[in-house]
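Below are the chains, spelled out letter by letter.
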Amino acid sequence: MMVMTSTLSVHGHNIKVTEVLKDGDTLTFLIVSQKLSGTGEHHVDRTYDDFEWLQQLLFSQEDEPGIQGVIFPSLPAKASANPSAKVMKQLGFLGLGEWQLYCKVLERYLRQVAAHSILSKNKAVEIFLTSSEPPGRQRARKNLFNRLSQAVEERRKEGYKDVDEFFQTERNHNLVLTCYAKTAAERFLDVVQSEQKIAVACAHFSASLHLCVEPGEDPDKQAFSKACVQLSEVFDSIKKNMTSVAENDMNTLGLGLDLESRCQEAEKEMLFRRTCKLVELEAARRNAEKAKPLKKAAMEEAKKTAEIEFNDICVVAKQEVHRFRAARVKMLQHTLVQWCEKQLLTAKESADQFNQQLQAFRGIAP
Amino acid sequence: MVNSPLTEHGSTPSPASQPSDVSMKPLRDILDDPLIEPLSSQTENKPTTEDASEPSDDFGNLTSNITDSPGDTAADATEIPLDKHADDFVDIFGVEAEAPRGKVVVADVTIETAAHKREAANDVTDPPGDRKTGSNDEEQEVKETSTDSIIDLSDDLPASDSQQPPPARDRFIDPLVNLLSDSPAASDAKIPSRATVDLFKDEGSDLFADPRQHKSAHQPQKSLLDEPDEDLFCESLWAASKKLVSKEPRGKPDATKAASNVSNTGGPLQEAADLFSQEAVTAVPGIKNASTVNSKTNGVHSEEEKEIFAEATVELSLDSPRDERRNDVSARPSASASALSAAASLAKSQSASLEELDEEEQEDKFEISISVKDPEKIGDGMNAYMAYKVTTQTQLAMFRYKTFTARRRFSDFLGLYEKLSEKHGPNGFIVPPPPEKSILGMTKVKVGKEDSSSADFVARRRAALERYLQRVVNHPSLLQDPDVREFLEREELPRAVGTQALSGAGFLKMINKATDAVSKMTIKMNESDVWFEEKLQEVESADQQFRKLHTLVESLVVHRKELSLNTASFAKSTAMLGSAEDNTALSRALSQLAEVEDKMEQLHQEQAANDTFSFAELIADYVRLLGAVRAWQRWQDTQAALQKKKETEAKLLWANKPDKLQLAKEIAEWEVKVTQYERDFDKVSATVRKEVNRFDKEKAKNFKREIINYLECHLQSKQQLIKYWEAFLLEAKAIA
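Chains as they are written, first to last, in UniProt numbering: chain A, 1 to 366; chain B, 1 to 736.
Hints were generated in silico from the structure; no laboratory data involved.
In this text, a Cβ means the ideal position worked out from N, Cα and C, and glycines have one as well.
Certain hints may be false.
Quick list of the computed label-pair ranges, beta carbon to beta carbon [stated by the list, open to error]: (1) 720/B x 126/A: 47 to 55 Å; (2) 360/A x 393/B: 26 to 34 Å; (3) 720/B x 28/A: 43 to 51 Å.
Quick list of in silico lysine-lysine cross-link-like pairs, DSS-like style, CA-CA up to 27 Å [stated by the list, open to error]: (4) 342/A x 733/B; (5) 197/A x 723/B; (6) 348/A x 723/B; (7) 330/A x 723/B.
Computed list of chain B residues with no C-beta within reach of chain A, every gap over 12 Å [what the hints assert, rightly or not]: (8) 379; (9) 395; (10) 398; (11) 437; (12) 438; (13) 439; (14) 470; (15) 471.
The shape of chain A in the complex, shown without the other chains (with noise of 0.2 Å):
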């Protein structure tokens, strides 16, 4: 059933969503992806709702077994044009700039979706990715509600024992990972948010030292303006050197974290799915040693059904968590070695440019 099966008429791997429209409120995507056949190009614009409409459609796959035991791609909050600061704070690191990161985060989600074996045999990716019509404008949300009386739920059942120690251990682990990858993600977010503070105070301060140029004609009042000229100018190298800073942390680590700390959720809900399932098995089990003779055959029919269906999940699972694991460490990696690049860039940068502004000093008579 792990077929790599090709039923998407468009590559996956290079679904990207190019642009950003406001309307009102409402967030318009436009998604490009190339066909498969040829050298053409479908362009199609997506709002948010169509995008949890597929995120839907793909959780409520009934027929594919063991379809709880995926690790869905996570959809991050649903953005608005004037997001409150509520929204603000859900989405992050989502939130700054101009909805780029925004962008590349639903674009990664759709490649996700696609490179899936079990998601992208999905009718609904399809038409997703290719129909000119948008598909999700009509459906109303009902999630919000299951939503909630999962979180209860899930408290309930984040103690219970498992009787795989494999799931045991990935339970406990990504209970403590998806803690501190949001932490991470968050305080990262701080570290961010200060260096645009920083970029900003620079940009202030070097406007207003233009200001205190003085005019005339002594040589020490003009020596005293050049100072300040060029310390202008030096501080608006230090504020482009930390706009640039601030822009690669949220390039690289800032989506890797943001990433992450999702993907952790992610799976955290699988295997919470998972968990919800094997009590359910096990309800059915002592249900079905305890049942009156009378319906002992139906108990068992119930139990055997839940443990096939346990079985299923349990296998999708295993797997998905192997590839999960690996696609993580993989995306982390790349992260850090990416930031990493980047902000040495940076630095020699503006290294350079310092330098050249202390020579520049220096040269300017005493």
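Fit chain B to the given chain A structure using the hints.
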């Protein structure tokens, strides 16, 4: 000989007072620019040494039909009495301490009766003029006058000898009193020697008598340095002279001798210097001559003297063109012999020369550096205070040791400022202000909260105090102040009192006073001088800009601190993430990252400190300094206002009752007052100009230095950062 000064003084109090008015400015100069003035005075010294031939030439030039002989005799005359009376002096001090004391008393009295003097001066406005013109005439009549006057002068010498040192000291003790409380009159008493010079020379010579005067002040000081007796400068006049007599019977006469030597012949010779300025070569033998003369009489002093003269030769070429110009300026008023115009032109030439002097100033780098270290909390509870170790390193000869330390508490710093601003503030000096007292900051320290904000507070204050002291000693005249030296050198300092209020209260008070005075006036005050008007505006706008800059930098620093905090917590969470990671390579990389972030936090912290101390504090300092500058100009407004008021009053009086004799006298008195104020004003203006120029120059230099420092630090941290990244990149790539 002993009597002659007394009689001389008694008989010519009025002429004495008149010229000394003019020489008020020099007084300020002395305080202002001790290092430069001595140089210029030394150039005059040199001419002095040429005395044998030069003065005669000079006279010859002036009086077209002169013969050589009078000049020679004149020179002889000067030399002989000098020697003689050096001996006398030694006697006076060595054998009979009473005599000098008596003289000092005279000086004292004259100071106290400053008011009377003014009256006298009023009477005198004409006589000196007459005398001057008379002397001019006489000069034209060749020989008799020149010889006579010089002989006169040498007769007067004892007077000048005995009285010069005390005034010099007096000036050190409390110039403020002099300058504020109708100081011209007070100083009248002090400079009889100049008066004598004035009498036979025109106003131009006055200009040059000033530095001479300073020289006399400077020299005793130098000679006294060998002695541990700093008290000399701060104790009362009487005590000072007594001590001098008892402790250094030799040194002082020597010094005064040298001084008188200079002042004696300086008048005529200064012109000689002008005329012969190009021929520096001829000056050299002259110097030798002088030093031998000195060594003959002084013995002890000769070495120092030589040094001074050696410097003088270097300075000669610089000074001479200016001298010429000054002479030009001063020649005119002398012809008219009007005290007022003389004063005006004096002020002009003075300010011109001051600006020129400014340029020289740069070359005189004070080899002194001060560090304030080891802040230490002393005592407990609300009586606790912070003490700092003040370490001075210097190459200057005026200090006994090359390195010395003293422990000072914060209020001592404030006390020093109070003293300095009281003394020098009204003279037009920009006294660098110390950091403000901070009740909040100090209370935190007192309560003993060891949090970061109180540590930050102490660190900032320590740095601010260091910069404050460094600024004070970088100011050429403030360095000469006995209080500064005492502050740096003495083990125990009398507890500074009255600093409880904010340290800024001093000039706040001054501002209030000034505004009061202004509001009292119905006439709207216009700043007559465009320069000042511009400067005032400049300073105002600079103040605003600096304030703005300061807030901006502070916010930058806040963000930097925030960044370092955030980086620290990010490092912590990465470390946790790393510890939870089960992929070993990734785990290691993450822990590595945590370390890197920790180091980066350090860098950010340093950067924040760097921002703080390079810019925020520097700019804060300048806000303070600009406050001082501003306070300054307000004061000047008042001064000008006062002057105008007097003027109008005088005019009113004149208009109403012109016939009454009594009133006429009063009016004349008022007029003198007015002219005095005018002169004061001009002098102060000149000083302010100079100070503001100095301030601008220092500002430019200081900023440049700080910026370079800052950039260096910044670059360093960037390079460090690069290293960190490079190290981490390897680690990141190693993740498999």
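We went through each hint and held it up to the structure:
For the hinted restraint 47 to 55 Å between residue 720/B and residue 126/A, the CB-CB distance of approximately 53 Å keeps it satisfied. Distance hint check: the CB atoms of residue 360/A and residue 393/B are about 32 Å apart, consistent with the given range 26 to 34 Å. Separated by about 46 Å at the C-beta atoms, residue 720/B and residue 28/A satisfy the suggested range of 43 to 51 Å. Between residue 342/A and residue 733/B the CA atoms are separated by roughly 14 Å; this keeps the pair inside 27 Å, and the hint holds.
As the CA atoms of residue 197/A and residue 723/B are separated by approximately 25 Å, the hinted pair is consistent with the 27 Å bound. In summary, the hint linking residue 348/A to residue 723/B is supported, as the alpha carbons are separated by about 10 Å, within the 27 Å threshold. A C-alpha spacing of about 25 Å is found between residue 330/A and residue 723/B, which places the hinted pair at or below 27 Å, so the restraint holds. Residue 379/B, annotated as away from the interface, keeps every beta carbon of chain A farther than 12 Å; the closest lies near 39 Å.
Under the 12 Å C-beta cut-off, the non-interface status given to residue 395/B relative to chain A holds; the minimum distance is some 21 Å. Listed as a non-interface residue, residue 398/B keeps its Cβ farther than 12 Å from every Cβ of chain A; the least gap is roughly 26 Å. The claim that residue 437/B is not at the interface with chain A holds, since no C-beta of that chain comes within 12 Å of its own (minimum 28 Å). At the 12 Å boundary, the C-beta of residue 438/B stays outside the reach of chain A, the nearest C-beta of that chain being 24 Å off.
Non-interface status of residue 439/B relative to chain A is upheld: no Cβ of that chain comes within 12 Å, the nearest being about 29 Å off. The Cβ of residue 470/B sits about 18 Å from the closest Cβ of chain A, beyond the 12 Å cut-off, so the non-interface label holds. At roughly 17 Å, the least C-beta separation between residue 471/B and chain A is larger than 12 Å, which holds for a residue marked as non-interface.
Of the numbered hints stated above, none is contradicted by the structure.
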